[in-house]
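There are 2 protein chains.
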Amino acid sequence: MRVLVLGGDGFCGWPTSLYLSDRGHDITIIDNLSRRKIDVELEVDSLTPIRPISERIAVWRQVSGRDVGFISLDLATEYDRLVAVLEDIRPEAIVHFAEQRAAPYSMRSTHTKRYTVDNNVRATHNLLTALVQTGLDVSLVHLGTMGVYGYGWSGSAPIPEGYLTVKVPTPDGELEREILHPANPGSVYHMTKTLDQLMFAFYAKNDGLRITDLHQGIVWGTQTDQTSRDERLINRFDYDGDYGTVLNRFLMQAAIGHPLTVHGTGGQTRAFIHIRDTARCVEIAVTNPPEDDKVRVLNQMTETHRLLDLAKMVADAMGAEIAYLPNPRVEAEENELIVRNDQFLALGLNPTTLSEGLLEEGRDVAARYRHRADPTKIIARSVWRAGMETADDLMTEVPDQP
Amino acid sequence: MRVLVLGGDGFCGWPTSLYLSDRGHDITIIDNLSRRKIDVELEVDSLTPIRPISERIAVWRQVSGRDVGFISLDLATEYDRLVAVLEDIRPEAIVHFAEQRAAPYSMRSTHTKRYTVDNNVRATHNLLTALVQTGLDVSLVHLGTMGVYGYGWSGSAPIPEGYLTVKVPTPDGELEREILHPANPGSVYHMTKTLDQLMFAFYAKNDGLRITDLHQGIVWGTQTDQTSRDERLINRFDYDGDYGTVLNRFLMQAAIGHPLTVHGTGGQTRAFIHIRDTARCVEIAVTNPPEDDKVRVLNQMTETHRLLDLAKMVADAMGAEIAYLPNPRVEAEENELIVRNDQFLALGLNPTTLSEGLLEEGRDVAARYRHRADPTKIIARSVWRAGMETADDLMTEVPDQP
Chain X
1127 MRVLVLGGDG FCGWPTSLYL SDRGHDITII DNLSRRKIDV ELEVDSLTPI RPISERIAVW
1187 RQVSGRDVGF ISLDLATEYD RLVAVLEDIR PEAIVHFAEQ RAAPYSMRST HTKRYTVDNN
1247 VRATHNLLTA LVQTGLDVSL VHLGTMGVYG YGWSGSAPIP EGYLTVKVPT PDGELEREIL
1307 HPANPGSVYH MTKTLDQLMF AFYAKNDGLR ITDLHQGIVW GTQTDQTSRD ERLINRFDYD
1367 GDYGTVLNRF LMQAAIGHPL TVHGTGGQTR AFIHIRDTAR CVEIAVTNPP EDDKVRVLNQ
1427 MTETHRLLDL AKMVADAMGA EIAYLPNPRV EAEENELIVR NDQFLALGLN PTTLSEGLLE
1487 EGRDVAARYR HRADPTKIIA RSVWRAGMET ADDLMTEVPD QP
Chain H
1127 MRVLVLGGDG FCGWPTSLYL SDRGHDITII DNLSRRKIDV ELEVDSLTPI RPISERIAVW
1187 RQVSGRDVGF ISLDLATEYD RLVAVLEDIR PEAIVHFAEQ RAAPYSMRST HTKRYTVDNN
1247 VRATHNLLTA LVQTGLDVSL VHLGTMGVYG YGWSGSAPIP EGYLTVKVPT PDGELEREIL
1307 HPANPGSVYH MTKTLDQLMF AFYAKNDGLR ITDLHQGIVW GTQTDQTSRD ERLINRFDYD
1367 GDYGTVLNRF LMQAAIGHPL TVHGTGGQTR AFIHIRDTAR CVEIAVTNPP EDDKVRVLNQ
1427 MTETHRLLDL AKMVADAMGA EIAYLPNPRV EAEENELIVR NDQFLALGLN PTTLSEGLLE
1487 EGRDVAARYR HRADPTKIIA RSVWRAGMET ADDLMTEVPD QP
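Residue numbers (our numbering), protein chains in the order written: chain X, 1127 to 1528; chain H, 1127 to 1528.
The following block holds chain X by itself, in its conformation from the complex (with noise of 0.2 Å):
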């Protein structure tokens, strides 16, 4: 298929552009390399050394043969080239990963609340009004979060895919209704793709767009087959307190003999999927787009775990301490999680779960790269509101044995 990715050169999207040419269909990548910038901004740097994207583009032709595309294009705000590229290229599908990603990063400051809104909506709607424009027959795939249900709500009932059934009580009796799950945002960016969902139903609603939306967990992992094949192919490894993911951060801590940040008590559960995972997924997602005009809601996760229990098998591991830190999110402390991800076991998903051996892979990583760490960009540093507390630097030099 002849398929867009929008943000194709993030921690996601990469390695799903890949993914996706290495099964034979045609990508072309459209990004602004915004994440790559607001690494010059945060002064810190992906721990994996990855090259530009023409260089990235140009040995992953040299090792597989096949051809990415590559347009520099803001979705926010260069609406006729949007339009223009669409109508040149006449996709058959779009994966939309063309957002800030961080929570941490949406809360850090009123620029960076005001940017992840501004950025998000405008990028997605720019999108959605384009395909209405164009008028072309295409299946949407977007990257949205499991946040959007927030944790707890439900209690021990577990998560649906998007939708949930309930009883609305009427003078007579009761009614039943499938309505949207409802939102419950975790940050400014989880808002986003609550926003998100609700421009993808009217859209499908008033104009027929076919819309997957995948709700994503926590990612983990660095490498995928495509990825591993040249250095230079290698994907990002975000360590730092803004975009660093979970478990990612307690391997990468592991390596240099940092000891593991957990926030608050470590009781939250999250949902997880390894990266490799993600790039499955998305193909799923695009080869089977949904055949009504219902937006089609996926959970995109294999697995839940509580945070501490992660870093205790961390810990044990790798020999590695826990430092329990003020938590710098407006969040609850402990939480049950069960997930529904039964649409994408059914479409053919065999789940890359958490194993010794995928974890080593991680620690390998954040090993062989631990020159490239400034110890100092660990700390989590956003706060949900002004004032709360968060801790001062653990290790300010990388030692040289861990």
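Bear in mind the hints are in silico, worked out from the structure with no lab data behind them.
We put the CB at the ideal spot given by N, CA and C, even for glycine.
Wrong hints could be hidden among the right ones.
Residues from chain H that face chain X, not an exhaustive set, calculated with beta carbons under 7 Å [said to hold, decoys possible]: (1) V1247; (2) H1251; (3) Q1259; (4) T1260; (5) L1262; (6) F1328.
With a straight-line Cα cutoff of 30 Å, these simulated DSS-like cross-link-like pairs (lysine-lysine) come out [said to hold, decoys possible]: (7) K1420/H with K1293/X; (8) K1331/H with K1293/X; (9) K1331/X with K1293/H; (10) K1293/X with K1293/H.
Which stretches of chain H does chain X cover? Using the computed rule of at least three CB atoms under 8 Å from a CB of chain X, they are [to be verified]: (11) 1275-1289; (12) 1500-1514.
Please arrange chain H on chain X, whose structure you already have, making use of the hints.
Below, chain H alone, put in the same frame as chain X:
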């Protein structure tokens, strides 16, 4: 109270500003005059001869002895100035009317869809972040719409005020949960108000902002006790296919001898409120802020009517014809509508309902300014989907006698 009225030059904002001023509040209007500029874009004018905002304010000072401030400021794009104004004025309450408010205009073109989302989302979000940044102890009152609920979703069950208590299935039985009423917007404009709701919920929860969201019905009427004190204080009267509201359009059409334009069967039932009650409700909301961080939702409407019944009433009273035109909207042909408005009634609202006398006032306003009408602007031409049918002009010149 010191009250900022955002969008205080508009159809609801102007009479509300004068009403609040008359009631002794200290009012500053913020407006970017976008509504007047859209008149220029659409080549149409208010049927009533509205004066420039500085003249309006000078006349109000003459007739009332009261000062109303005015600041020309674009909420969506002038964030730093907004913060400076908030810190300078230190309002106790803010009334937020500052959004593009016409459903047909929001569906008119790709440009107006994008403008409506960009303007409305950024105006609201900038305001919320500015309130967090400044830490002001202020109550925010926002003009929302009944349209967030959609029509027909709950059959004959009454529409509650913002929240709905539902039963959620669990493996062991059922949970009872209060949820924000599911969103079912009928246009891009209405969609932006459903996005506003989620932003309000997040900022109330995360930052403790005190917010009241007014889900308003369709406004009719023109004058209030304040705007009628001097012709130069007169309120807007929109009759065109994009900005005119249904009952005012019928009155104007009858006054110039134009057939009453009913879209589809006229079986659509909608909620209504007179402009005088808009102003009263806003004062009630301003002086009764919510006490906690749950967004307070009030249904700001006083009665419901089937559109065809309204057309027949106006036709009978004024001797007009009814023209059944193609419906340019994607909506149910017919719906029931029962709405709870218990909270405003309990807070002392004495509803102004539809009566012969008030209809005559509307007809008189329309008749007085009929020479200002351009009948080629009456037919609704903004369609919800490309290719939908619209009517030709039914009249091209206003006859001397209707």
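Verification of the supplied hints:
Restraint check, V1247/H versus chain X: the minimum CB separation of about 5 Å is within 7 Å; hint holds. Interface hint status for H1251/H: upheld, as the beta-carbon distance to the closest one in chain X is roughly 5 Å, under 7 Å. Hint on Q1259/H holds. Least Cβ distance to chain X is approximately 5 Å, under the 7 Å limit. Restraint check, T1260/H versus chain X: the minimum CB separation of about 10 Å is more than 7 Å; hint violated.
Interface restraint check for L1262/H: the shortest CB-CB distance to chain X comes to about 13 Å, outside 7 Å, so the restraint is violated. For the restraint placing F1328/H at the interface with chain X, the shortest Cβ-Cβ distance is roughly 5 Å, inside the 7 Å limit, so the hint holds. As the CA atoms of K1420/H and K1293/X are separated by approximately 23 Å, the hinted pair is consistent with the 30 Å bound. At most 30 Å may separate the alpha-carbon atoms for a hinted pair to count; K1331/H and K1293/X meet this at roughly 26 Å.
Of the pairs offered as hints, the one joining K1331/X and K1293/H holds, with about 26 Å between alpha carbons and a cut-off of 30 Å not exceeded. About 5 Å separates the Cα atoms of K1293/X and K1293/H, which keeps this hinted pair within 30 Å; it holds. A count of 6 residues in the region 1275-1289 of chain H with a Cβ less than 8 Å from any Cβ of chain X is obtained; the coverage claim is therefore met, three being the minimum. Counting residues of the region 1500-1514 of chain H whose CB falls under 8 Å from any CB of chain X gives 3; the rule of at least 3 is met.
The earlier numbered hints that this structure contradicts are 4, 5.
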